[in-house]
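Residue numbers (our numbering), protein chains in the order written: chain F, 126 to 323; chain V, 126 to 323.
To be clear, the hints were calculated from the coordinates, so they are not data collected in a lab.
Some hints here could point you the wrong way.
The list cannot tell twin chains apart, which means a pair is met if one copy fits it or any two copies do.
[Claimed, not checked] Okay, derived cross-link-like pairs now, DSS-like style, lysine-lysine, Cα gap no bigger than 30 Å in a straight line:
#1 Lys142 to Lys246
#2 Lys317 to Lys148
#3 Lys138 to Lys274
#4 Lys258 to Lys289
#5 Lys134 to Lys274
These figures come from a predicted structure and were not determined experimentally.
2 protein chains.
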Amino acid sequence: MSDFPVTEKTQIKRGPKRACYDKEIIYPILDEALVCHVATEWQGQSMIQPTIHWRDGDYLYIHGSSKNGLFQALLQGQEAAICITLLDGLVFARSAFHHSVNYRSVIVYAKAELIEEEQEKRKQLDLMLEKVKEGRSKEARPANDNELKATSVLAFKLEEVSAKIRTGGPVDDPEDMALDVWAGVQPIQLQKGPLNLD
Amino acid sequence: MSDFPVTEKTQIKRGPKRACYDKEIIYPILDEALVCHVATEWQGQSMIQPTIHWRDGDYLYIHGSSKNGLFQALLQGQEAAICITLLDGLVFARSAFHHSVNYRSVIVYAKAELIEEEQEKRKQLDLMLEKVKEGRSKEARPANDNELKATSVLAFKLEEVSAKIRTGGPVDDPEDMALDVWAGVQPIQLQKGPLNLD
Chain F
126 MSDFPVTEKT QIKRGPKRAC YDKEIIYPIL DEALVCHVAT EWQGQSMIQP TIHWRDGDYL
186 YIHGSSKNGL FQALLQGQEA AICITLLDGL VFARSAFHHS VNYRSVIVYA KAELIEEEQE
246 KRKQLDLMLE KVKEGRSKEA RPANDNELKA TSVLAFKLEE VSAKIRTGGP VDDPEDMALD
306 VWAGVQPIQL QKGPLNLD
Chain V
126 MSDFPVTEKT QIKRGPKRAC YDKEIIYPIL DEALVCHVAT EWQGQSMIQP TIHWRDGDYL
186 YIHGSSKNGL FQALLQGQEA AICITLLDGL VFARSAFHHS VNYRSVIVYA KAELIEEEQE
246 KRKQLDLMLE KVKEGRSKEA RPANDNELKA TSVLAFKLEE VSAKIRTGGP VDDPEDMALD
306 VWAGVQPIQL QKGPLNLD
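This is chain F alone, in the form it adopts within the complex (with noise of 0.2 Å):
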């Protein structure tokens, strides 16, 4: 898979060696993030929302109420920016100044494209429905008419995408490292529990 581009909006200027545009790392923490966020403005006023999202190829999707606020100013082509977050760790080092965290953070910036066509909006709930459990799009009641047509399904094309990466232990100042403070991560993971059957 090729690299995405570097642009002037995904150029990564603060910890430029934490960057990276490599589909084959960024496609898979699309893929394992759950949530996402989404940004955009209206008439002069930001706005965010977090919502469930999911990649079918080279697309993110998200879905939500035909009546959601920030899907119309998406829909009257604002662009959104699109940031996917997962955390792994704390780093804590000798010095203050020097904690961190671990985590694999994703940025999409891209204008959102209406799914009419309704065997696509399907496929595309369904693999919704199949990133959250597998199998689950041929176990749940498929929507009808009156469901397809209260959701909205929008589309991202990932063309101006970037992510920003941090891994391994802290990294002190030499002359930091014989302090007698202790230094080290803590691992940190969204961890799902037994299923509790209603």
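Starting from the known structure of chain F, fit chain V onto it as the hints suggest.
Chain V alone, transformed into the frame defined by chain F:
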């Protein structure tokens, strides 16, 4: 504690039954979540960044490099839309349409105030460390003047704030209750693992 007032921006129009303006419910969400997403716009361009946040009284704080591009926009007076999201569970309904997630999310609209007074800046950076690990601000080597200068601390007064919360099991349509489809909730939470010492 009093509730936050409902403003044009914070009024929740979709799913108003899930809206919450109660500080006693909202502040623990801000305190539990490690990461927020900060959005703003600059010259028509939407921007978004994930970052650690913390709270002290009626203010939310973030920190970062003094050269951070998004911080520059915020310090020019651009309002931030900040979202804090906790994912609590995957909700499996009998119908595809009624699948959902349990979550607690908060949105804050506010302009940034730069913390310039040294003692207050040190206090806030200590509070950040204490949030990540109690006692840590007394263990780590404190920031020196250069490190303090390289760090910007921004405060956001908590005035225009709303939460949206979903809890509980699936809500299926009555006519779907007899379907032979399992339904229930799978809890989900951020889990900290064992500390790996450096």
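So, going through the hints one by one against the coordinates:
1. Lys142 to Lys246: between (39 Å within a copy, 28 Å between copies)
2. Lys317 to Lys148: both (27 Å within a copy, 28 Å between copies)
3. Lys138 to Lys274: The answer is between: 19 Å across copies meets 30 Å, while 43 Å in one copy does not.
4. Lys258 to Lys289: Answer is both: 28 Å inside a copy and 24 Å across each meet the 30 Å cutoff.
5. Lys134 to Lys274: between (35 Å within a copy, 27 Å between copies)
Violated hints are absent here; each numbered hint is respected by the structure.
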